[in-house]
Structure formats: structure tokens, C-alpha cells
Amino acid sequence: MPLLIGLPGHLTYDIVFVVATLLAIGSALGVVLARNPFHSSLSLILNLVALATFYLLLQADFLAAAQVIVYAGAVMIMFLFVTAYLGGRGGEPARDRPWWQFALAAIAAAALVAEVIFAVVDQSLAQGPHVADSFGSPDAVGTSFLGRYLLAFEGTSILLMVAAVGGVVLGSRRAARRLPGERSALEHELAPHELSVQSQLIDVETRFEVAGTAPEKDDA
Amino acid sequence: MEINVQYFIAVSAILFGIGLFGIFTRRSPLILLLSVEIMLNSCNLALISFARSNGQTAGQTFALVVMAVAASEVVIGLGLVVAMARRKADLDVDHLTTLRH
Amino acid sequence: METLAWICLFAPLVGMAALALLGSRPSREASAWLGTAAAAVAFLAAVGVFFELLGKDPSQRHFAYTAYTWAGSGSFKVGFSIWIDTLSVTEMLIVSGVGSLIVLYSNGYMHGDPKERRFFAYLDLFLFSMLLLVMSSNFVLLLAGWGLVGLSSYLLIGFWHERKAPVDAAKKAFVMNAIGDVGIAIAIFFMVRDLGTTDFGPVFQTAPQHWARGSTDANLVALGLLVGAIAKSAQIPLHTWLPDAMEGPTPVSALIHAATMVTAGVYLVARAHVLFANAPDVLDAVALLGAATLLMAGCIAIVQTDIKKIIAYSTMSQIGYMFVGVGVTAYAAGMYHLLAHAFFKALLFLCAGIVIHALAAEQDVRRMGGLKTVLPRTKVLMWVGTIALIGFFPLSKDEILAAALDDGSTTAWIGWVVGLAGAFLTGVYAVRLMRLTFYGEESEFAREHIHKEGDAEAPWTMFWPCVVLAVGTVLVGFLSVGFGFKNIFGDWLSSTVSTIEPTTGDDLITTAISWALGAAGGLLVWRAYSSPERIAATRRRFAAVAPVAENLFYWDWLYERIAYRPAAATSAFLYRFGERWVAWGSLDVIGWVARALSRAFSEVQTGVVRLYAGLLVVGAAGLAVFFIGKANL
Numbered sequence: 000m001p002l003l004i005g006l007p008g009h010l011t012y013d014i015v016f017v018v019a020t021l022l023a024i025g026s027a028l029g030v031v032l033a034r035n036p037f038h039s040s041l042s043l044i045l046n047l048v049a050l051a052t053f054y055l056l057l058q059a060d061f062l063a064a065a066q067v068i069v070y071a072g073a074v075m076i077m078f079l080f081v082t083a084y085l086g087g088r089g090g091e092p093a094r095d096r097p098w099w100q101f102a103l104a105a106i107a108a109a110a111l112v113a114e115v116i117f118a119v120v121d122q123s124l125a126q127g128p129h130v131a132d133s134f135g136s137p138d139a140v141g142t143s144f145l146g147r148y149l150l151a152f153e154g155t156s157i158l159l160m161v162a163a164v165g166g167v168v169l170g171s172r173r174a175a176r177r178l179p180g181e182r183s184a185l186e187h188e189l190a191p192h193e194l195s196v197q198s199q200l201i202d203v204e205t206r207f208e209v210a211g212t213a214p215e216k217d218d219a
Numbered sequence: 000m001e002i003n004v005q006y007f008i009a010v011s012a013i014l015f016g017i018g019l020f021g022i023f024t025r026r027s028p029l030i031l032l033l034s035v036e037i038m039l040n041s042c043n044l045a046l047i048s049f050a051r052s053n054g055q056t057a058g059q060t061f062a063l064v065v066m067a068v069a070a071s072e073v074v075i076g077l078g079l080v081v082a083m084a085r086r087k088a089d090l091d092v093d094h095l096t097t098l099r100h
Numbered sequence: 000m001e002t003l004a005w006i007c008l009f010a011p012l013v014g015m016a017a018l019a020l021l022g023s024r025p026s027r028e029a030s031a032w033l034g035t036a037a038a039a040v041a042f043l044a045a046v047g048v049f050f051e052l053l054g055k056d057p058s059q060r061h062f063a064y065t066a067y068t069w070a071g072s073g074s075f076k077v078g079f080s081i082w083i084d085t086l087s088v089t090e091m092l093i094v095s096g097v098g099s100l101i102v103l104y105s106n107g108y109m110h111g112d113p114k115e116r117r118f119f120a121y122l123d124l125f126l127f128s129m130l131l132l133v134m135s136s137n138f139v140l141l142l143a144g145w146g147l148v149g150l151s152s153y154l155l156i157g158f159w160h161e162r163k164a165p166v167d168a169a170k171k172a173f174v175m176n177a178i179g180d181v182g183i184a185i186a187i188f189f190m191v192r193d194l195g196t197t198d199f200g201p202v203f204q205t206a207p208q209h210w211a212r213g214s215t216d217a218n219l220v221a222l223g224l225l226v227g228a229i230a231k232s233a234q235i236p237l238h239t240w241l242p243d244a245m246e247g248p249t250p251v252s253a254l255i256h257a258a259t260m261v262t263a264g265v266y267l268v269a270r271a272h273v274l275f276a277n278a279p280d281v282l283d284a285v286a287l288l289g290a291a292t293l294l295m296a297g298c299i300a301i302v303q304t305d306i307k308k309i310i311a312y313s314t315m316s317q318i319g320y321m322f323v324g325v326g327v328t329a330y331a332a333g334m335y336h337l338l339a340h341a342f343f344k345a346l347l348f349l350c351a352g353i354v355i356h357a358l359a360a361e362q363d364v365r366r367m368g369g370l371k372t373v374l375p376r377t378k379v380l381m382w383v384g385t386i387a388l389i390g391f392f393p394l395s396k397d398e399i400l401a402a403a404l405d406d407g408s409t410t411a412w413i414g415w416v417v418g419l420a421g422a423f424l425t426g427v428y429a430v431r432l433m434r435l436t437f438y439g440e441e442s443e444f445a446r447e448h449i450h451k452e453g454d455a456e457a458p459w460t461m462f463w464p465c466v467v468l469a470v471g472t473v474l475v476g477f478l479s480v481g482f483g484f485k486n487i488f489g490d491w492l493s494s495t496v497s498t499i500e501p502t503t504g505d506d507l508i509t510t511a512i513s514w515a516l517g518a519a520g521g522l523l524v525w526r527a528y529s530s531p532e533r534i535a536a537t538r539r540r541f542a543a544v545a546p547v548a549e550n551l552f553y554w555d556w557l558y559e560r561i562a563y564r565p566a567a568a569t570s571a572f573l574y575r576f577g578e579r580w581v582a583w584g585s586l587d588v589i590g591w592v593a594r595a596l597s598r599a600f601s602e603v604q605t606g607v608v609r610l611y612a613g614l615l616v617v618g619a620a621g622l623a624v625f626f627i628g629k630a631n632l
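Chains as they are written, first to last, in numbering that gives the first Met the number 0: chain V, 0 to 219; chain D, 0 to 100; chain E, 0 to 632.
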């Protein structure tokens, strides 16, 4: 199979592609296999940058920029903050599993990958059309987003608002002080069972602290 | 310029597989979220590749939406992780099973 | 005439429905009178039909009326239709006449019983069923009446259902009658298949053409009808239910098991005489079975100690005579004995009921004795019945035997000889009954327990029906005296069935011998009970053979072993394995499977995120393979 563009002189393109591929795959493996969560987060940043390179190769200029600014810039910063907050608790060794779980996971992933590649190979994706230079410009994306896909735009903004509210709710501390022994409405609903960890998280008005050990495994 | 996007799709698939492998293998919710990020990004790559191969901007638009979704999901996920950590719960996905009811 | 016929049929049914719907609202006496009125209306309607039929020319005396088509399939139709001819009108009169008297009697006998209203409803149901049986104009409707009569018998025998014995007796009667129902059904199947109809007229016309005389088909049809007749009329081998049926109240024994239902078999043979004539071997079997039964029943009656069982075996014996009569094609003779027997047997039962009623429900003759002083009028009435039973007057029995002698075939000869022997036995047991009950020393028991209503021996509702029956017995005797006198009854029936008119010589010989034997039997038994030494001597003389009769010729013993025990064992086995394991077990298995499946499926919900992710991937991979494969192939 010839490389991306059969025309000579575009060797740079191919080299950039190969390098970016190696970086992306390597950093992805680094995310998944690293022991230290910090290393995982940094690997992901590298992965995002590699992907931004891919976007550039595909003439999605705006998206490449957005990827770097939003993803690598904002999202990963969040990850790094949380990793810092968690300290050592963020990660755990990937190796104290039975070996066959690794094998199984690898096989499943490989199977999926193989399928997709099989599906894609020798298809008519071969020769993409000519596109204008302004194909991936902010102008084009903006026109599409605010024109044809306006509904998606509005939906996305709502989603972002919901996420923001959720983040605030999840992050806040106890709102009101309660008398010792008094239970909140949620607690009453969930009585007499012990509150699950998740419900404890959601109910921000409880006073009591969960013990340091893991909650009982609920084997109902 | 004409571009053969098969290879991009292949890379996307491989990245997706790596993310999947990470989900199966890691126990920490934080690393799990990172793996999910990898998978989302691979989907983005696929979208943009197809946008290029069809000559339409719609794929890029959708990729933008996916990015927004990924960001929101990360916010919530990290919020959960932090809250769990604050309450000193064990950050082990295998032990956090009570959401099945 | 049509209206009157329908009224006769449905009046008892209306009575029963009224009693059932009114429930316990009317007083018990009112319900009893309502039941009696329904029966009386039926009788009056029957009388009306009789006179109308009388007014017609003898060759015109048959009518069929159809209410509507009851059932049908393709070209085969069964109509709800009735058939009025001399034979059916005779039966109508017997059933409604004797029936009304017995219903009237029940007013007195069942007085005070807590379930009295139900009794009268059942009696009316029986009258309707029996009338349906004798009035129906096709075999299917006859079978319907047949079955309903069996049901009424079951309900009435088991009337006092709080006790075990009546319930067992009712079940026994019903099951044995069911065997007879199957026989008739098989005969009907043959008719439907070969003749395409079960209506009397067409069947009797086309049967001889379709089934050759003496062929297997003809024999099977007649045999099926014979099985039904045997079961209903309590002849060998389906006879063991009749003595047990005495557990029912005495009016029931009188009405159903003496006068009407048990004679349905004789009616069936007379009605279907064409089919039986078409199968002469089966007709011979009818006569021979009748002969065997009359002999066996006579022997057993001699050793019975229950007053009602003596009369029951006597019934069995007399029906044997009727079977002999119709078996030698002397149909009118057989029907005449049926008519006379209805009167005098009902009379005997009702008088026995008066005795029982006076002794506060005691039925053992060994505890009776010397009742002639306290129940003189009952004694006279009962003597009328006894004289008729032995055969002095009416001469119905002799007519049968004379006809047999006249017929001359081997079977008829056997019937003649056995019949005369039976006359001796009849004399013995009939006079024995009277001797033990009314004569001799007054027993202690009788002295203590007698209770009369003032001077009367019984309430008027019980006494006067007996008087009417006694008078009727005597009058019926004049309908056919033989010896060359005009046979009124035979002429009346001749438009429907033929008969054998014996010569005067045969008649004289037969009557002389039978009178002599009957009188001899009576005198012998009278003497045997005249002193304790004679009683002991008699007992010694018959010590060897008496147990056979006392054990009812071991029929019950046999049936217990070959029929009851295998059936009980089979049903117990099926219950243990079929019912418990298959029926209940399969339900249990269904429940268990459902629970196991749900348990297995709920294992998936572990709450572990990665498991869910894994399952998602597996599913996605499967779908991808499917669709990509489809696209590529």
C-alpha cells in the first residue's frame, strides 16, 4: 500500500505522520501502564499533543488548536491538580492482578482493533477529495456549528452548565450544621441499611465521617 | 491534496484498544478516567479523519461537541474522586459496587 | 294430545325447578304438597293422553312430536321429540300414577326430616327423567333420560349423606349403571354409523336391512342394549347394587327400585324388540339371564333378615320373570307383569314402610313379630301384595310361563322350568316375610317401640296410597286372565308389540303347577316357623347350602377382587406418581427453573465497572463482526 500521498515531495508529511503515531501510541501505553499517577497524567498530555499533530495533518486547524488549549491546557491541569491532591492514593500497581486478566484484556482490545482495521482496509477511503484551504479554519467550523448544528451548540452549552453545577455540588463541604444524631432526609430514606459510599457522597448534608477502611462488600 | 485516511483510522483503533486495555486493567478511578480520555480522543481522531475524507465540516463540529462532553465528564468524575478521597473511601473500583441496585 | 303429552313430561320438571328456586322459603309441608301437585298434574295429563289415544283407531295409535332439534352434525340430527304409542302411554301411566301415590306417601313418611324439601325436588327430578326415558322418540334422548334416571337414583339413595353407608351404596349404583350407559352408547354408535339416525321409526324399519339377522353387527347392537338393560334392571351380572340401594328412604325403594326405574330395562327390550328379534342369540341370552337371576335372587331372599332387602331381592327375581317374558318374544306378557308388579311391589314396600315407621326405623325382621294386633289393616294390605307376588292373582307370572311353554324352543323350556321353581321359592320367602313380621309371638322390641298416631296405624298420607295400590293390584288382574278370555292388555299393546297367546291347555297346566308350588312353599315355611324345634331342624337341614345364599352367591366377594382392588391400586399408584410427580412436580420444576435463571442472570450485576465495560466490548465486538461481515460478504 503506498503511503499517504503517492506524490513525491510530500515525504515530510509521511515522516510527521509516523513520528506522531509513535508518540501517540507510546504515550497511550505510558498512561495505561505507569505506576505513578503523575506519570500517567503527563503521558496523557503528550498523547493529546500527538493527536493535535494528527488533526493538523488532517487539515483540522481549529480543532488542533482547541485540543491543545482546552484539553491539554484545561482538562489536564485539572487532572494534575487532583493527582497532586490525591498524592499516593491516585494510582496502584497494574501488576497485582492474575496474569490471565491481562491476557484477556489484551485479546479483547486486540480483537476490536483488528476488526476495525479489517473493516477499513482497502476501502474507498483511499483517495480523499480535494478540499479547500479553509477546510478546517475557525470560520468553517464556526459557520457549521452556529448554522446547521445550532441545536447541538445549545445542547452543549446546557451540558457544560450542568457539569459546572455538578462540579460545584460535588466539591462543596457540609452546608449546615446538624445536631448530633439527627439524620437527613436521604438518610431516613435509606434506613435501615447503611448508607452506600455513593449516596454518602451525594448527600452533602451528613455530618458523620466514613471510617477509614473500605465499606463491606455488599454480596446480596 | 488527496489523503488516504485508512492509516489514521488504524491509529484511532489502536488508541481505542489501548484505552480499553487500560479500563480492564487498572483499579484506580483516576487512571480509569485517563483511559476513558484516551478512548474519547481516539474517537475524535476518527471523526476528524472521516470529515476529511468526505470533505464535510460536520465531523469536526461533532468532534468539538465530543470535546465538550469529555470535559464535562472529567469535571464530574474528578469531583467524585475528590469527594471519595475526602471521605477517606478506598479508591478501588472493584470495591465501589453499591451502584448496582 | 300434544299439549297434554308435553305437560305430562314437564310438570315434574317445573315442580323440581320451583322447589329448587324457592329453597327454604315455603314451609316443609308446603314444599311437600307442591312436589305432590306436580306429580299429580303429570298423572292427569297422562290420563288425558290415554283417553285420546283410546279414541283413535288401533292402527293409528302412534304419534311423534318434536319440540326442536336438540343436536346435530351434518345430516345426523337428534330432535327433542316424544313418541306416543300404546307402550309409552302404558309406561307414562305407571310412572306418573304409581309415582304420584308414592310422592303422596312421602308426605307422611318424610315428615319432620330436616331436608324434606330436597327430597321432593329429587322425586320430581326422577319423575321427569323417567318420563323422558319412556317418552323419548330416539335412542339418544332415551340415553339422556337413562342417565338422568341414574343421577336421580344416586341422589335419592344417598339422600341421608351424613352416613357412610348410603353414600357408598349410591356410588355403587351409579358406577354399575354407568357400565350400562356405555353399552347403550355403543349400540347408538352402531346406529349412527350404519343407519345415520337414531329415531325409533327409521331405525326399526332399516335395521333388518342393514344388519343381517344373526350377524355380528346385529348381535353387537342388541348386546349393547342388553348390557344397559341388565345394569338398570339389576340382573346378573350387574345386580349387586340393588340390595345396597335399600339404604335410601323407603319411598325411594318403592318408586325407583321396584316400580319404575328397574323396569326400564324391560321397557327397552320391548321397545327395541325389532333389534332384538334381529339377533336371536341375544334374545336367548335375555331369557337365560332372567331365569338365572330369578332363581338366584329367590334363594337369597329366603335368608335375608332386613325387611327391605327381602323385598329388594324379590324385585330382582320378578324382573327376571319379565326378562324371561320378553326373551321368548312374549312382549305383552312381560309388560303385563311389569304393570302388575309396579302395583303390588310398591304396595309391599309402602306397607313395609308403615311397619318401619311404626317401629321407629327398625328394619330387622328378627326383632319384629306379632304385629297383627297393632297393625291389622297394614297386615291385610300386605297380604294382598303377597298373594299377588306369589302369583295367585293377578296371573301375570303365569302368563309369561305359559307363553314360554307355548313357544317351545329350548330356551323357553328352560325358562318354564326355572320359572316354576322360582314360584316355589317366591312362596317361601313371601310367606316367611309375613310370618316373621306379623305373626308369632309379639317381640319385646315391638312392644317397647311401637308408636302409632292415636288409633290410626299411620298418617292418612301413608295409608290411603297403600289402599289405592291394593285396589289397583286387584283391578289390574282383570286386564289379562288368560284361559281364552279376552286379553285386554295384550290387545291394547298389540299396536306396538306382538305377544304370544298361549293355548288354553298350556295356560291351565302352567297355572295349576305354579299355584300348587307357591302354596306348597308358603305352607312349608309357615310350618317351619311354627315351633322352635322346627326352626332348628330346618336350620340343620340347610346348614350346608345356606352360607352360599347368605353370602349373596359370592358376587360382591368376586367384584371386590377383580374390579375394586385393581382400580383402587391403579388410582393410588397414579396419585403417587402421576399426580404428585408429574402434575405437581412439573409446576415445581417451572418455578425452580425461573428462580435458577433469575439467580444466574442477577450474577451479572456485580457493580464492578470493569465487568460492565467488558461486556460492552464483547457485545460491540459481536455486533461489529456481524455487520462488517455482512457488508463484506
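I should point out that these hints are in silico values taken from the structure, not numbers from a laboratory.
Ideal Cβ placement from N, Cα and C applies to all residues, glycine included.
A couple of the hints might just be wrong.
[What the hints assert, rightly or not] Simulated restraints on C-beta separations:
no., chain 1, residue 1, chain 2, residue 2, range
1, E, Ala630, V, His38, 20 to 28 Å
2, E, Leu610, V, Asp132, 32 to 40 Å
3, V, Asp138, E, Phe625, 51 to 59 Å
4, D, Lys87, V, Val161, 37 to 45 Å
5, E, Ala620, D, Arg85, 22 to 30 Å
6, E, Ser601, V, Leu158, 29 to 37 Å
7, E, Leu596, V, Phe80, 45 to 53 Å
[As the list claims (entries may be wrong)] Examples of chain E residues lying across from chain V (beta carbon under 8 Å, computed):
no., residue
8, Leu12
9, Gly613
10, Leu615
11, Val616
12, Gly618
13, Gly621
Next on the checklist: Checking each numbered hint in turn, tell me which of them this model violates, lowest number first.
Outcome noted: When the structure is compared with the hints, numbers 1, 2, 3, 4, 5, 8, 10, 12 and 13 turn out to be violated.
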